[in-house]
Structures are given as C-alpha cells and as structure tokens.
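Each number in the numbering used here corresponds to the 1-based position in the sequence shown with 204 added.
In case anyone wonders, no lab produced these hints; they're calculated from the structure. Predicted model only: the values in this text are computed from it and were never measured. One or more hints might be untrue.
Below 16 Å or equal to it, Euclidean Cα-Cα: the simulated EDC-like pairs (lysine to aspartate or glutamate) are [said to hold, decoys possible]: (1) Lys279 x Asp307; (2) Lys279 x Glu260; (3) Lys279 x Glu245; (4) Lys468 x Glu451; (5) Lys279 x Glu317; (6) Lys453 x Glu419; (7) Lys453 x Asp466; (8) Lys453 x Glu391.
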Amino acid sequence: MSDLPLSGVRVLDMTRLLPGNYATVALVELGADVVKVEAAEGDGTRWVAPHLASGESGAFVQLNRGKTSRVLDLKAESGALEFAGLVAGADVLVDSFRPGVLDRLGFGRERLEQLRPNLVHVTIDAYGSGGELEQVPGHDLNALGYAGVLTLAGSPAVPGLQVADLASGLNAALAVVAGLRLAATGEFVRYEITMVDSALALAQLPLGGWLATGESPQTPWDLTGRWACYDVYECADGAWLTVGALEPKFFGRILDLLGLSDWKVAQYDLARQGALRAELRALFGSAPRDHWLALLAHEDTCVGPALTLSEAMQHDNLTARAVMRRVVASDGSVHEVFPALPWLDAGDHDPLSAPGLGEHPQD
Numbered sequence: 205m206s207d208l209p210l211s212g213v214r215v216l217d218m219t220r221l222l223p224g225n226y227a228t229v230a231l232v233e234l235g236a237d238v239v240k241v242e243a244a245e246g247d248g249t250r251w252v253a254p255h256l257a258s259g260e261s262g263a264f265v266q267l268n269r270g271k272t273s274r275v276l277d278l279k280a281e282s283g284a285l286e287f288a289g290l291v292a293g294a295d296v297l298v299d300s301f302r303p304g305v306l307d308r309l310g311f312g313r314e315r316l317e318q319l320r321p322n323l324v325h326v327t328i329d330a331y332g333s334g335g336e337l338e339q340v341p342g343h344d345l346n347a348l349g350y351a352g353v354l355t356l357a358g359s360p361a362v363p364g365l366q367v368a369d370l371a372s373g374l375n376a377a378l379a380v381v382a383g384l385r386l387a388a389t390g391e392f393v394r395y396e397i398t399m400v401d402s403a404l405a406l407a408q409l410p411l412g413g414w415l416a417t418g419e420s421p422q423t424p425w426d427l428t429g430r431w432a433c434y435d436v437y438e439c440a441d442g443a444w445l446t447v448g449a450l451e452p453k454f455f456g457r458i459l460d461l462l463g464l465s466d467w468k469v470a471q472y473d474l475a476r477q478g479a480l481r482a483e484l485r486a487l488f489g490s491a492p493r494d495h496w497l498a499l500l501a502h503e504d505t506c507v508g509p510a511l512t513l514s515e516a517m518q519h520d521n522l523t524a525r526a527v528m529r530r531v532v533a534s535d536g537s538v539h540e541v542f543p544a545l546p547w548l549d550a551g552d553h554d555p556l557s558a559p560g561l562g563e564h565p566q567d
C-alpha cells in the first residue's frame, strides 16, 4: 500500500466494538499500518454472528481486515512495558476508554508525550469529559437520545444503523488525518471524539431551525415525513418506493406520469398532505414496484426503490463502478467486502485479511 495517503503511518488501535474499529479500518484503507492491541478476551466484534465458513465473524472481518493483533495486559508490568515500546514507535493512538482509564493505567497525556512527543492521540467516548455523564456508560441508542435526534421524526424509534457509532468513527478518522498534519511540526496532538456530539453534528438542518427559533422543529419536520412528496410508499408486491421529489419540477413530473396533475397545487399545502399521501398510497399499492420504477425511475422524478441490503449489494449501479474490495478468510477463501471509504481508489493491492487474536506478538 505504499502509494496510499497514510503509507508509513503506524496506528495503535486500542478500541473495541463499532466506533473505533470503523475509524481504524478507514485508516487501513488509507494505507496506515494498524496494530490492534487487544485484551486476552479479544475485541467483542470477534464473536458477533453470523460467521463465515472459516469460523470468523463477518462483522469482525468487515471491521478489522488489514490490521495486525497484539494481546497485552496493561495492568501487568510486562504488558505495560511492551505497550510503552509500541507507543514510542507509533504515530497515532486511538482508544475508546472512558475518560481517565488510560491515566489510571499509567498512560495519561504526560506519559504518552514522554514516550512519543509528536503522537496523535484520538480517544472516543460516549458523552465527553467534564460533564455529569463523563463516567456513564452508553451505546449508540443512548447517545442518539441525548443528542435529540431520535425524536426528529416524531415518536422515537430504533434506527436501522448505529448512527452515533459510525459518525464518531468517521470523526475519529478525520481527527487522525488532521492531527498528523500538526504532529509533523513536532506537536503532541489529542482529540476527544464523543458519540453524542458526533450524532448531533449530523443534525445540521434541524440545528439551523433551532438557531433561527430557539425551538425544536415541529414533528414530523420537512425531511422526516411532513410532505407527501418526500416519503416512502409500499407497492402491491410488498416492496417499497422512495419518493424524494422536493422540487416542484420533480414532483410535477411524477404527477403528470401518474395522471394526477391536478394535485400539483397541493405539494406544499399542509392541510392537503393527508389526502395527497392517501392518493399516492392507493395508486402505488395497486401495482408491483418494478411497474412504478419502469414508469418513473429514469424520468427526472427522484423516485427509486427502498432496497434490502442484499438487493443493494447486487444492484447494477454498485457492481458497474467496481467499489468492492477483497478480503481473505483464515481458510484461504476470498470474499468481497464493501469499503469504509468507497471514494478511495485502492488500486490493485492484494486482498486483506483479519487477524487472529494475538496473531502478531512481535513487530
């Protein structure tokens, strides 16, 4: 990977589960040498079902391909000594401990800076240092709740993705890249990435409304179900359509093709949204999704399918663009994986593999 942006950068990955693993696999794709420092029991993603035929967790392989693994006990003198050596030779340390844990283990800022004066240290936690929630445990759903984003569509619901986890992972990877630039001048750099802040930072449009009014948006707000022109509709075969026709030119085209042109004047009439949505639901429910896609999808309408994940992975638009990467399982079988950074051209590099627990005890 010598031609990738972070080639030659060594990262110590002391994270567990989704946020940190996502951050560091993105760094792998950028060319970094990522050493996963694990406790004896291993990262929790190692045991997440389902598993490949090789016995490896699909989630672990997805999130940890291309890394090496070292097992260390930082509470033991030998483990702390070995970790100190790793820090001295690293460019970046990423951890996901609660505030104060590294200090209690003897690796607070002063010690880290002693070992590596220009280290980039990025830590990921749930709620950040200094507040009343500093030592409170939390997962993605809790962070989304504190961030105020679960209620933007009205009644809170468990989302289909771990938004706070993934947002904090991307923020952590970005912090590493930013930190490396400062570290090049000899500076010790530390960034704290919190899940609650990362989730809230995604709410840019609702935050704009709060800025203007000081109030939470009325629910559902503009992009979470208020308008019939921006919604999902079930078809006769149980499959779903997405209609994202916010602009009148797109929605007008839909209505013309559906023979509903008289409804154009109701697009942004709040009093008529229920009737308009009912009209569209009835019509879309009268035929299978493929019928409506053939009529609408390529007609400047902002209409598409709500695919299952399997359908999305097999869609011609994905396969035609050669986005996928390859990974080798422990039994030698080769599989395709979707990258953390799909915009990055990885070239023809050899396929990666995920490390066995403690597989790389020495440099």
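Worksheet item: Taken at face value, is the distance from the CA of Glu260 to the CA of Lys279 at most 16 Å?
Response: violated, 28 Å
Worksheet entry | Straight-line alpha-carbon gap Lys279 to Glu317, limit 16 Å | violated, 20 Å
Worksheet item: Between Lys453 and Glu419, does the CA-CA distance stay at or below 16 Å?
Response: violated, 31 Å
Worksheet item: When you check the alpha-carbon spacing of Lys468 and Glu451, does it fall within 16 Å?
Response: Roughly 11 Å between the alpha carbons, so the hint for Lys468 and Glu451 holds.
Fill in: Pair hint Lys279 and Glu245, alpha-carbon separation not exceeding 16 Å
holds, 15 Å
Practice prompt. With a cut-off of 16 Å on the C-alpha distance, tell me whether Lys453 and Asp466 pass.
Written response: holds, 14 Å
Worksheet item: If you draw a straight line from the CA of Lys279 to the CA of Asp307, is it 16 Å or shorter?
Response: Judged against 16 Å, a Cα distance of about 12 Å means the pair holds.
Worksheet item: Can the restraint linking Lys453 and Glu391 be considered satisfied, given a maximum Cα separation of 16 Å?
Response: Measuring from Cα to Cα gives roughly 53 Å; hence the hint is violated.
In summary, the structure is inconsistent with hints 2, 5, 6 and 8 from the numbered list given earlier, while agreeing with the others.
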